[in-house]
Amino acid sequence: MSHAADQPAETYSYLGPAGTFTEAALKLVEAAVGKPWRSVNNVGEALDDVVTGRSVGAVIAIENSVDGGVSATQDALARIPGVRIVGEYLVPVDFVLVARPGTALADVRTVNAHPVAYAQTHRWLEANVPGHGHIPASSNVAAAAELLAEHSVADAAVAPPGITDHYDLAVLADSIGENASAVTRFVLVSKTLAVPERTGADKTSVVVELPNEHPGALVDMLEQFATRGINMGLLSSRPIGDELGRYRFVIDLDGHVRDERVADALLGLRRFSPRVTFLGSYPRADGVRSEVSPRYSDQAFVEARDWLRAIVSGEPDAS
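Going by this note's numbering, the sequence shown opens with residue 1, and the numbers climb by one from there.
I should point out that these hints are in silico values taken from the structure, not numbers from a laboratory. As the structure is a computational prediction, the values presented were derived from the model and not from experiment. One thing to keep in mind: the hints can contain errors.
Simulated crosslink set (EDC-like; lysine to aspartate or glutamate; CA at most 20 angstroms straight-line) [as the list claims (entries may be wrong)]:
hint, residue 1, residue 2
1, Lys191, Glu10
2, Lys27, Glu10
3, Lys191, Glu30
4, Lys191, Asp48
5, Lys191, Glu45
6, Lys191, Asp75
7, Lys27, Asp165
8, Lys35, Asp48
9, Lys27, Asp286
10, Lys35, Glu10
11, Lys27, Asp94
The task is simple: from the sequences and hints, build the whole structure.
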């Protein structure tokens with residue numbers, strides 16, 4: 001019997017265990033409310049769930065406002081065919097310091113923390129827990145869970161807010177992150193190839209490989225967007241891995257594939273690049289609508305095509 005048959009219908013996968021920021025993002029997915037959720041260990045497993053049908057969707061982190069693009073997600077989306085992004089969700093990122101009940105802040109000497117979480121909280125820790133030692137953890141939740149292990153050597157842990165809903169721990173301090181506006185962007189990935197309807201506040205994600213490393217190749221690629229008035233929200237380079245110096249680019253565009261300017265840019269990319277991977281067009285989480293100059297409106301593209309069609313058809317000049 002297949003794994004897909006063993007899994008309940010309409011299961012959603014997320015990077016677990018319970019209490020992670022990814023689970024917080026999944027809580028924002030309306031379609032997942034009341035459905036089974038499957039905790040996985042990494043992005044590859046989450047996407048494999050979608051590809052094999054164990055899950056109808058998976059929520060994965062793709063970008064952080066502090067650390068930039070999540071390379072593991074970008075590489076996986078570029079490598080694994082047949083999946084599409086159908087939605088995005090923003091989760092504020094903050095941290096709390098937790099300890100076993102009865103522990104006081106003054107008792108803390110050693111702190112468990114995921115390296116990324118520690119980088120975002122080390123100034124607070126240095127100011128409030130001077131001389132502390134840091135033990136790297138595999139995840140934010142694992143940092144907290146380890147405190148309850150039989151031979152734990154840490155006194156406290158940096159963890160996500162709400163961790164005490166899952167573990168019997170006490171909060172020693174709230175909001176210890178250095179950047180109060182830090183946010184992580186998550187995407188919902190599905191196997192469906194249907195593109196969500198455009199809303200006017202949309203985003204399109206693609207992966208593009210340069211044809212070769214000639215001078216100006218990157219500028220040639222970027223001109224596909226600049227000449228059509230398209231803003232890029234993300235431009236991240238990732239090594240292709242087949243030889244040194246070869247890169248692919250993960251790009252977020254403002255707009256929808258059904259917008260004339262975006263469609264025209266994708267056609268230009270397809271002529272230019274040996275490989276363009278369309279990851280999806282989907283509503284923006286922040287609901288911000290694209291500001292489009294009249295020269296790049298749908299009407300402008302349609303009128304230009306009609307003008308050319310009339311010339312080719314030998315119609316009288318109507319201008």
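Going down the list of hints, with the structure as the test:
With a C-alpha separation of about 12 angstroms, the suggested pairing of lysine 191 with glutamate 10 holds against the 20 angstroms cut-off. Restraint check for lysine 27 and glutamate 10: satisfied, since their Cα atoms lie roughly 15 angstroms apart, inside the 20 angstroms limit. With a C-alpha separation of about 18 angstroms, the suggested pairing of lysine 191 with glutamate 30 holds against the 20 angstroms cut-off. Taking the CA atoms of lysine 191 and aspartate 48, the gap is near 10 angstroms; set against the 20 angstroms cutoff, the hint holds.
Among the hinted pairs, lysine 191 with glutamate 45 is consistent with the structure: their alpha-carbon atoms are about 14 angstroms apart, no more than 20 angstroms. Between lysine 191 and aspartate 75 the alpha-carbon distance is near 17 angstroms, which keeps this suggested pair within the 20 angstroms criterion. Straight-line distance between C-alpha atoms of lysine 27 and aspartate 165 comes to about 15 angstroms, which keeps the hinted pair within the 20 angstroms bound. The suggested pairing of lysine 35 with aspartate 48 holds, with an alpha-carbon distance near 19 angstroms, which does not exceed 20 angstroms.
About 16 angstroms separates the Cα atoms of lysine 27 and aspartate 286, which keeps this hinted pair within 20 angstroms; it holds. Between lysine 35 and glutamate 10 the alpha-carbon distance is near 6 angstroms, which keeps this suggested pair within the 20 angstroms criterion. Note on lysine 27 and aspartate 94: the hinted pairing holds, with a Cα-Cα distance of about 17 angstroms set against a maximum of 20 angstroms.
Figure legend: structure checked against the earlier numbered hints; every hint is met.
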